[in-house]
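Modelling step: build the complete structure from the supplied sequences, incorporating the hints.
Be aware that the sequence shown starts at 713, since it is given in my numbering, and climbs by one per residue.
Note that these hints are calculated values from the structure, not bench results.
Heads up, none of these hints are tricks.
DEER-style ranges, computed between Cβ atoms:
| # | residue 1 | residue 2 | range |
| --- | --- | --- | --- |
| 1 | Leu789 | Tyr736 | 54 to 60 Å |
| 2 | Val782 | Tyr733 | 50 to 56 Å |
| 3 | Asp836 | Lys813 | 17 to 23 Å |
| 4 | Ile779 | Pro828 | 39 to 45 Å |
In silico BS3-like links for lysine-lysine, alpha-carbon gap of 25 Å or less:
| # | residue 1 | residue 2 |
| --- | --- | --- |
| 5 | Lys813 | Lys841 |
| 6 | Lys790 | Lys840 |
| 7 | Lys840 | Lys824 |
| 8 | Lys775 | Lys752 |
| 9 | Lys724 | Lys734 |
| 10 | Lys734 | Lys715 |
| 11 | Lys790 | Lys813 |
| 12 | Lys823 | Lys840 |
| 13 | Lys715 | Lys725 |
| 14 | Lys747 | Lys734 |
| 15 | Lys823 | Lys813 |
| 16 | Lys813 | Lys837 |
| 17 | Lys813 | Lys840 |
| 18 | Lys813 | Lys824 |
| 19 | Lys824 | Lys837 |
Glycine residues also receive a C-beta, built at the ideal position from the N, C-alpha and C atoms.
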Amino acid sequence: MEKDYYILVNGKKVEVSEEVYKAYWQLTNRENYLKRLDAKYNVLPFSSFGDYEYDILDKLADKSIDIEKVVETRELLKLLELALSELNGEEYALISDLYFKELSIRMLAEKKQIPPSSLAYLRDKILKKLRNFFEQ
Numbered sequence: 713m714e715k716d717y718y719i720l721v722n723g724k725k726v727e728v729s730e731e732v733y734k735a736y737w738q739l740t741n742r743e744n745y746l747k748r749l750d751a752k753y754n755v756l757p758f759s760s761f762g763d764y765e766y767d768i769l770d771k772l773a774d775k776s777i778d779i780e781k782v783v784e785t786r787e788l789l790k791l792l793e794l795a796l797s798e799l800n801g802e803e804y805a806l807i808s809d810l811y812f813k814e815l816s817i818r819m820l821a822e823k824k825q826i827p828p829s830s831l832a833y834l835r836d837k838i839l840k841k842l843r844n845f846f847e848q
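This is how it looks when you write it as structure tokens:
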């Protein structure tokens, strides 16, 4: 006994072959799956941005990132780079070792064979120089 297969076309039941029936439902199920994913991840078609109910800026804006803070940080980093370029080679090497390579004063003092207090004094002197640069 052969089974009859039907699909709805414009509200009317139309008899089709098994192959057409399976292809139709495969596409329909895929479309429904994609709609569920869109709903789950709040995806809107681009065509919906022309509607008045959606404001494109609200949908595109990433509220988790503070743009002002990013720009401010970037400007401070540029200014820091400029300030560091004003230091001589020895001063820059000391700041680089302490803050970029994260060596301790004690480790650096042992490496350079000078007292840690002298190294701390040099560090404070350089930081004061950098502070004055930023205050200008």
